[in-house]
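**Student:** Listed below, chain by chain, are the residues.
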Amino acid sequence: MDHRFLLLPVAALVAVAPAQATQYLSADQARALIFPSLAMTAQDITLTPEQARAVEKASGASIVSPSMKAWRATTGELFIVDEVLGKHEYITYAVGFDASGGVKGLEILTYNESYGDQIRNPAWRAQFTGKHDDAPLVLDKDIQNISSATLSCKHITEGVRRLLAVRKVALGHD
Amino acid sequence: MVAIRADGVEDDALAHHAISAAFAEVATVHRLMSFHAPDSDVSRLNRDAARRCVPVDWRTREVLAMAQTMHRMSEGVFDIAIGGVLAHAGALPCPAPARVDLDATAASIALDDNGVRFHDALWIDLGGIAKGYAADRAAAVLQQHGVHQGRIDAGGDLRLLGAGPHRVYLDAGGDIGPMQAALDTGEGAIATSSNEAAIRARNPLPCGVHRHGRTKEHAAPGRTVSVLADQAMVADALTKVVMALGPSAGAVLALAGATAYLREKGTWASIRDAA
Numbered sequence: 001m002d003h004r005f006l007l008l009p010v011a012a013l014v015a016v017a018p019a020q021a022t023q024y025l026s027a028d029q030a031r032a033l034i035f036p037s038l039a040m041t042a043q044d045i046t047l048t049p050e051q052a053r054a055v056e057k058a059s060g061a062s063i064v065s066p067s068m069k070a071w072r073a074t075t076g077e078l079f080i081v082d083e084v085l086g087k088h089e090y091i092t093y094a095v096g097f098d099a100s101g102g103v104k105g106l107e108i109l110t111y112n113e114s115y116g117d118q119i120r121n122p123a124w125r126a127q128f129t130g131k132h133d134d135a136p137l138v139l140d141k142d143i144q145n146i147s148s149a150t151l152s153c154k155h156i157t158e159g160v161r162r163l164l165a166v167r168k169v170a171l172g173h174d
Numbered sequence: 001m002v003a004i005r006a007d008g009v010e011d012d013a014l015a016h017h018a019i020s021a022a023f024a025e026v027a028t029v030h031r032l033m034s035f036h037a038p039d040s041d042v043s044r045l046n047r048d049a050a051r052r053c054v055p056v057d058w059r060t061r062e063v064l065a066m067a068q069t070m071h072r073m074s075e076g077v078f079d080i081a082i083g084g085v086l087a088h089a090g091a092l093p094c095p096a097p098a099r100v101d102l103d104a105t106a107a108s109i110a111l112d113d114n115g116v117r118f119h120d121a122l123w124i125d126l127g128g129i130a131k132g133y134a135a136d137r138a139a140a141v142l143q144q145h146g147v148h149q150g151r152i153d154a155g156g157d158l159r160l161l162g163a164g165p166h167r168v169y170l171d172a173g174g175d176i177g178p179m180q181a182a183l184d185t186g187e188g189a190i191a192t193s194s195n196e197a198a199i200r201a202r203n204p205l206p207c208g209v210h211r212h213g214r215t216k217e218h219a220a221p222g223r224t225v226s227v228l229a230d231q232a233m234v235a236d237a238l239t240k241v242v243m244a245l246g247p248s249a250g251a252v253l254a255l256a257g258a259t260a261y262l263r264e265k266g267t268w269a270s271i272r273d274a275a
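First to last, the sequence lines map onto chains A and B. Numbered by the working numbering, the letters in the first sequence go through residues 1 to 174 in order. Numbered by the working numbering, the letters in the second sequence go through residues 1 to 275 in order.
For the record, the hints were derived by calculation from the structure and aren't laboratory data. Given the structure is predicted, the values throughout are model-derived calculations rather than measurements. For each residue, glycine too, the CB sits at the ideal point set by N, CA and C. Keep in mind that the hints are not guaranteed to be accurate.
Stated by the list, open to error - Reference excerpt, derived from the structure (chain B facing chain A, CB under 7 Å, subset only):
(1) A107
(2) A110
(3) L111
(4) M179
(5) T185
(6) G186
(7) G188
(8) T215
(9) E217
(10) L228
As the list claims (entries may be wrong) - For the chain A half of the interface with chain B, some residues (derived, Cβ under 8 Å), not all of them:
(11) M1
(12) R4
(13) I45
(14) L47
(15) Y90
(16) L109
(17) T110
(18) D117
(19) H132
Said to hold, decoys possible - Computed beta-carbon distance windows for the label pairs:
(20) A:D140 x B:D101: 15 to 25 Å
(21) B:G146 x A:Q23: 23 to 33 Å
(22) A:P122 x B:L255: 52 to 62 Å
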């Protein structure tokens with residue numbers, strides 16, 4: 001059997017871990033997919049502790065980091081990059097909101113696990129399109145599960161719910 | 001624990017169907033070859049084959065045939081007739097009230113068209129080969145379903161499908177030191193076995209199961225071995241041979257067309273045929 005035996009320095013292994021990390025899109029590429037040719041300005045969001053609590057209360061999802069990268073358009077559109085835990089590793093995802101606060105698009109930017117990346121499936125992500133902050137966004141209710149990617153599906157669903165709340169709480173949108 | 005992964009399949013439903021079928025095949029192999037289940041082929045053989053011919057499933061026959069080949073190639077170091085010794089040492093439960101001859105070897109097993117006959121009273125244990133075979137069968141089922149890339153991890157026995165290259169990290173247990181051993185390989189199988197204290201501690205058995213088939217002696221402690229072969233069944237069986245023989249297993253490996261890496265005293269070395 002054709003093979004190669006390797007002795008790899010453990011320090012280097014730690015540095016390159018996780019081995020499966022895949023970056024699918026940069027933030028700019030994801031933004032261009034959701035808002036083609038819309039001028040947006042980078043304007044990061046940092047939640048105050050009170051806002052973070054309000055977001056957690058409204059969404060039922062806990063905050064990973066109070067700071068997130070965001071871009072806004074003068075016409076009211078908003079694009080936020082955020083992270084959720086998949087099974088063991090963080091998934092970086094981005095949500096674009098139209099001027100009315102509805103989800104315009106969801107993109108997966110990086111995925112660090114060797115399984116569960118079916119959440120990149122466009123049909124699965126399309127389920128979020130048009131959802132507002134009054135939608136339940138609950139797995140197996142208004143969002144379908146993918147059987148072998150349950151945790152990733154659940155956490156992305158919570159993440160979208162959380163960003164809907166962030167938009168409402170931090171930017172004072174109704 | 002078995003993990004099965006299918007890659008390169010466009011249709012998710014197809015991949016799931018293939019994986020489910022592969023798991024079902026693993027369960028079938030386990031059911032047939034369990035030393036513990038009273039209705040397995042192995043239990044039926046241990047109970048009756050010394051008295052009369054016992055018909056078995058074609059899969060059990062394949063494993064027994066390979067076990068005999070490995071017994072011959074290793075000049076008795078790999079011996080599935082070790083079941084009696086292991087049961088008496090407490091590593092396996094004693095099956096049935098059947099009498100057992102602890103000196104009997106796999107050479108006393110006769111396969112013919114009707115079934116299996118033991119010429120001595122012996123207890124076979126397929127624990128040293130059946131897990132690898134289960135991984136091979138799972139791979140065959142995936143291929144029948146059109147899956148040609150993937151991996152089956154049957155806990156120490158890894159069967160890799162597709163050219164890869166597949167990177168496999170070798171777990172020697174305990175403190176691995178500053179370097180981690182890994183293999184980059186194509187399609188084939190890798191089996192790893194260890195009697196390192198840290199690995200042994202994960203196992204509930206009251207004594208080690210690595211024995212020399214001929215002398216019945218325990219393998220030298222502190223050994224970890226990884227064997228590469230085309231079939232997981234062969235790699236699995238050969239880990240027992242390398243555990244028992246250590247660096248002098250080269251000739252057996254060459255006969256079987258396999259390669260092995262042995263870790264002793266914290267150092268990995270490849271085993272070569274001295275001849």
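**Student:** Against this structure, judge whether each hint is valid.
**Tutor:** Status of the hints after comparison with the structure:
1. With its C-beta approaching chain A no nearer than about 29 Å, A107 (chain B) sits outside the 7 Å limit, and its interface hint is violated.
2. Taking 7 Å as the C-beta contact cut-off toward chain A, the hint placing A110 (chain B) at the interface is violated, the least distance being around 32 Å.
3. A hinted interface residue such as L111 (chain B) counts as satisfied when its beta carbon comes closer than 7 Å to some beta carbon of chain A; here the least separation is about 28 Å, so the hint is violated.
4. Interface restraint check: M179 (chain B) against chain A, minimum CB-CB distance 4 Å, threshold 7 Å, status holds.
5. Annotation: interface hint on T185 (chain B) holds; nearest CB of chain A at approximately 4 Å, less than 7 Å.
6. Residue-level restraint check for G186 (chain B) holds (minimum Cβ-Cβ distance to chain A is 5 Å; threshold 7 Å).
7. Interface hint at G188 (chain B): satisfied, since its Cβ lies 4 Å from the closest Cβ of chain A, which is below the 7 Å cut-off.
8. About 30 Å separates the beta-carbon of T215 (chain B) from the nearest beta-carbon of chain A, more than 7 Å, and the hint is not met.
9. Contact between E217 (chain B) and chain A, as hinted, is not supported at the beta carbon level, the nearest pair being about 29 Å apart and thus beyond 7 Å.
10. With its C-beta approaching chain A no nearer than about 5 Å, L228 (chain B) sits inside the 7 Å limit, and its interface hint holds.
11. Among the interface hints, the one on M1 (chain A) holds; its C-beta lies about 4 Å from the nearest C-beta in chain B, closer than the 8 Å criterion.
12. Restraint check, R4 (chain A) versus chain B: the minimum CB separation of about 4 Å is within 8 Å; hint holds.
13. For the restraint placing I45 (chain A) at the interface with chain B, the shortest Cβ-Cβ distance is roughly 35 Å, beyond the 8 Å limit, so the hint is violated.
14. Of the supplied interface hints, the one on L47 (chain A) is violated, with its beta-carbon coming no nearer than about 37 Å to a beta-carbon of chain B, more than 8 Å.
15. With 8 Å as the threshold, the beta carbon of Y90 (chain A) stays out of range of chain B, its nearest partner Cβ sitting at about 22 Å, so the hint is violated.
16. At its closest, the beta carbon of L109 (chain A) sits 22 Å from a beta carbon of chain B; the interface hint therefore is violated under the 8 Å criterion.
17. At about 20 Å, the closest approach between the beta carbon of T110 (chain A) and any beta carbon in chain B exceeds 8 Å, and the interface hint on this residue is violated.
18. The closest approach between the C-beta of D117 (chain A) and any C-beta of chain B is roughly 11 Å, which is over the 8 Å cut-off, so the hint fails.
19. Restraint check, H132 (chain A) versus chain B: the minimum CB separation of about 30 Å is more than 8 Å; hint violated.
20. In this structure the hint that D140 (chain A) and D101 (chain B) lie 15 to 25 Å apart at CB is violated, the actual value being about 59 Å.
21. For the pair G146 (chain B) and Q23 (chain A), the supplied restraint of 23 to 33 Å holds, since their beta-carbon distance comes to about 30 Å.
22. Checked against the given bound of 52 to 62 Å, the beta carbons of P122 (chain A) and L255 (chain B), roughly 53 Å apart, stay inside it.
The structure is inconsistent with the numbered hints 1, 2, 3, 8, 9, 13, 14, 15, 16, 17, 18, 19, 20, although it conforms to all the rest.
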